[in-house]
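Chains as they are written, first to last, in our numbering: chain S, 298 to 408; chain C, 111 to 275.
These aren't lab readings, by the way, just hints derived from the structure by calculation. Incorrect hints may have been included.
Distance windows between CB atoms, simulated [said to hold, decoys possible]:
(1) S:Val392 x C:Asp248: 20 to 30 Å
(2) C:Glu192 x S:Phe397: 37 to 47 Å
(3) C:His263 x S:Lys407: 51 to 61 Å
(4) S:Tyr305 x C:Pro215: 43 to 53 Å
(5) C:Thr201 x S:Tyr368: 24 to 34 Å
(6) C:Glu249 x S:Pro379: 24 to 34 Å
(7) S:Tyr383 x C:Lys193: 27 to 37 Å
(8) C:Val235 x S:Lys407: 40 to 50 Å
Okay, derived cross-link-like pairs now, DSSO-like style, lysine-lysine, Cα gap no bigger than 27 Å in a straight line [to be verified]:
(9) C:Lys262 x S:Lys327
(10) S:Lys314 x C:Lys142
(11) S:Lys339 x S:Lys327
(12) C:Lys142 x C:Lys262
(13) C:Lys202 x C:Lys273
(14) S:Lys314 x S:Lys327
Counterexamples of contact, computed for chain S against chain C with all Cβ distances above 12 Å [unchecked claim]:
(15) Val300
(16) Leu310
(17) Lys327
(18) Asp331
(19) Thr333
(20) Arg337
(21) Gly390
(22) Ile401
(23) Lys407
Nothing here was measured: the structure is a model prediction, and the numbers come from that model. Beta carbons: idealized from backbone N, C-alpha and C, even for Gly.
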Amino acid sequence: MEVSTNHYKHSDLVKAKGRIDSATAPQLAKALDDITNAGRYKIVLDLSEVEFMSSAGLRVLISTQKTCKRYNRGELALACVPQRIYDALELAGFVPLFSFHDDIVEAIGKT
Amino acid sequence: MSNNPASQSQPEIWPFNISSEHPVRSITLAAKFENLDVARNFAIQAAEESGFEPAAVYSIELAIDEAFSNIIEHAYGGESEEKIDCACQFTKTDLIFYLRDCGNPFNPLIIPDPNIEADLEEREVGGLGFFFIKQLMDEVSFTFSTRPENGKHCNVLKMVKHKEK
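Bound conformation, chain C alone (with noise of 0.2 Å):
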């Protein structure tokens, strides 16, 4: 992982056609809960390096750290010791995150938002990842794709938070 924006060059595998004229920055982790800290560093660090307030770091670091585990949890079904690709690009307007893996298909968009006026009784236990996602980032998208080079499907999902004005 590289301190300067621009000086790495988009992962040679990558399934978008990132324009080359914004900075982009990756790295790659094994599906494990105890990289959620790195995840969620990697984060930090380009959200305070696009001038976002506290408050929105937080939102980032908590919308990062909610797509690796259910990444995890759903397309890997578990911990395991395959890959996460981790990216983010720095526009002008935007902060634009990608995390891509190999696992299961798996469209999280699909997933209904959980009732959060029940009462105790009838509250899910679980289901709020997701739904944290689409409240704390201002747009949220899932694309599936195929590694060109050996054929292997992966899942994508892009969030983008908005700079302040």
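Chain S on its own, in the form it takes in the complex (with noise of 0.2 Å):
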């Protein structure tokens, strides 16, 4: 799996490629607590490029969704979301949870 940032001024975007699972969700993990270690809490994750996500993944993005919205301070919207995740983030009860995007720059203007 591959992550890569890019800090705009209001928010923070990561895009993740590849496979996210127990061996690989760790590196989705840093990157993310690198950007609210750092104060930042407006956070737009691009899936589209994730092929595979296990609940490994669905830990992260609920404990940085945790601690995006503690004292409504930001949020962890997620762009792009293949079916085959969706699908996997509704079964877990996670839908309500986040909000989606299917474009990117506005996922970026309205977060």
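Relying on the hints, combine the two individually framed chains into one complex.
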């Protein structure tokens, strides 16, 4: 898996590529923790090139969302989520806990 | 690992009486997260050969990933050189997976389901893996067994996916 981060004025865009499982989820967690540890809590996660995500990846998402939404200081928004991964998020009951965007520019503007 | 499901006999010390009329394939992997790729590919190949649709292949792939990860985390208490045996059997109506480990006795079926309707603050971070397995596969069962040659304890998880009619 590859993770890249872009800083914008009001938010951060994180793009993950490949497979997010128990072996690779710590990489994603580190990228997201680096942002929140720097005091930035408005994050868009682009999942368009993620082929597989297990519950290890979902754990990272929920943990980051808890950190971001605390004190209403921000949120982790999900962009371009592939159908299979959306299905897993739905199975886990995560859909009401995140905002979903089909467009990266729109996601960055609204987050 | 054989490419031909019919060419490999059942593992010698396999604790089940798997009927020999149905082909069995197996691999043994160290209990390390880096082996998840191999375990998932084992599942994908078997699922595709069984004729499952892509969405069902993904469900099977996810279930095997969760089961393998659970064994590492709970039965072995983290990554180790200990082994996980993975086997699958092809029947006319089903694809059946068995995952066996010789770690701590651990019955995942006793894990309560997570509350998937809880608010964000109350949402547990973990506990989803086995919930996924139960949702994605049609039958899940668990057995404690003992290796006949050394009396060593084993956990065996059986997961069945019915073929689409």
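Structure-based check of each hint:
Distance hint check: the CB atoms of Val392 of chain S and Asp248 of chain C are about 24 Å apart, consistent with the given range 20 to 30 Å. For Glu192 of chain C and Phe397 of chain S, the Cβ-Cβ distance of about 40 Å falls inside the hinted range of 37 to 47 Å, so the restraint holds. With their beta carbons about 54 Å apart, His263 of chain C and Lys407 of chain S fall inside the hinted range of 51 to 61 Å. As the Cβ distance of Tyr305 of chain S to Pro215 of chain C is approximately 51 Å, the hint placing it in 43 to 53 Å holds.
Restraint check, Thr201 of chain C to Tyr368 of chain S: a C-beta distance of roughly 55 Å breaks the suggested window 24 to 34 Å. At roughly 28 Å, the beta-carbon separation of Glu249 of chain C and Pro379 of chain S lies within the given 24 to 34 Å, and the hint holds. Checking the proposed 27 to 37 Å range against Tyr383 of chain S and Lys193 of chain C shows it holds: the Cβ atoms sit about 35 Å from each other. Take Val235 of chain C and Lys407 of chain S: their Cβ atoms lie about 26 Å apart, and the range 40 to 50 Å is violated.
Among the hinted pairs, Lys262 of chain C with Lys327 of chain S is inconsistent with the structure: their alpha-carbon atoms are about 39 Å apart, more than 27 Å. Our distance criterion of 27 Å between C-alpha atoms is met by Lys314 of chain S and Lys142 of chain C, whose separation comes to about 22 Å. At most 27 Å may separate the alpha-carbon atoms for a hinted pair to count; Lys339 of chain S and Lys327 of chain S meet this at roughly 16 Å. Only pairs whose Cα atoms come within 27 Å are accepted, and Lys142 of chain C paired with Lys262 of chain C is accepted, the gap being roughly 21 Å.
With a C-alpha separation of about 8 Å, the suggested pair Lys202 of chain C and Lys273 of chain C falls inside the 27 Å cut-off, and the hint holds. Only pairs whose Cα atoms come within 27 Å are accepted, and Lys314 of chain S paired with Lys327 of chain S is accepted, the gap being roughly 15 Å. Every C-beta of chain C lies more than 12 Å from that of Val300 of chain S, the closest at about 17 Å, which supports listing it as non-interface. At roughly 22 Å, the least C-beta separation between Leu310 of chain S and chain C is larger than 12 Å, which holds for a residue marked as non-interface.
Interface exclusion of Lys327 of chain S from chain C stands, the closest Cβ pair being 15 Å apart, more than 12 Å. Listed as a non-interface residue, Asp331 of chain S keeps its Cβ farther than 12 Å from every Cβ of chain C; the least gap is roughly 19 Å. Once the 12 Å rule is applied to beta carbons, Thr333 of chain S is consistent with being away from chain C; the minimum gap is 15 Å. In this structure Arg337 of chain S is separated from chain C by more than 12 Å, as the shortest Cβ-Cβ distance comes to about 19 Å.
Not every beta carbon of chain C lies more than 12 Å from that of Gly390 of chain S, the smallest distance being close to 3 Å; the non-interface claim is violated. With a least beta-carbon separation of about 24 Å from chain C, Ile401 of chain S lies farther than 12 Å from that chain, consistent with its non-interface assignment. Separation of Lys407 of chain S from chain C is adequate, the least Cβ-Cβ distance of about 19 Å exceeding the 12 Å criterion.
Hint check: violations occur at hints 5, 8, 9, 21; the rest are consistent with the structure.
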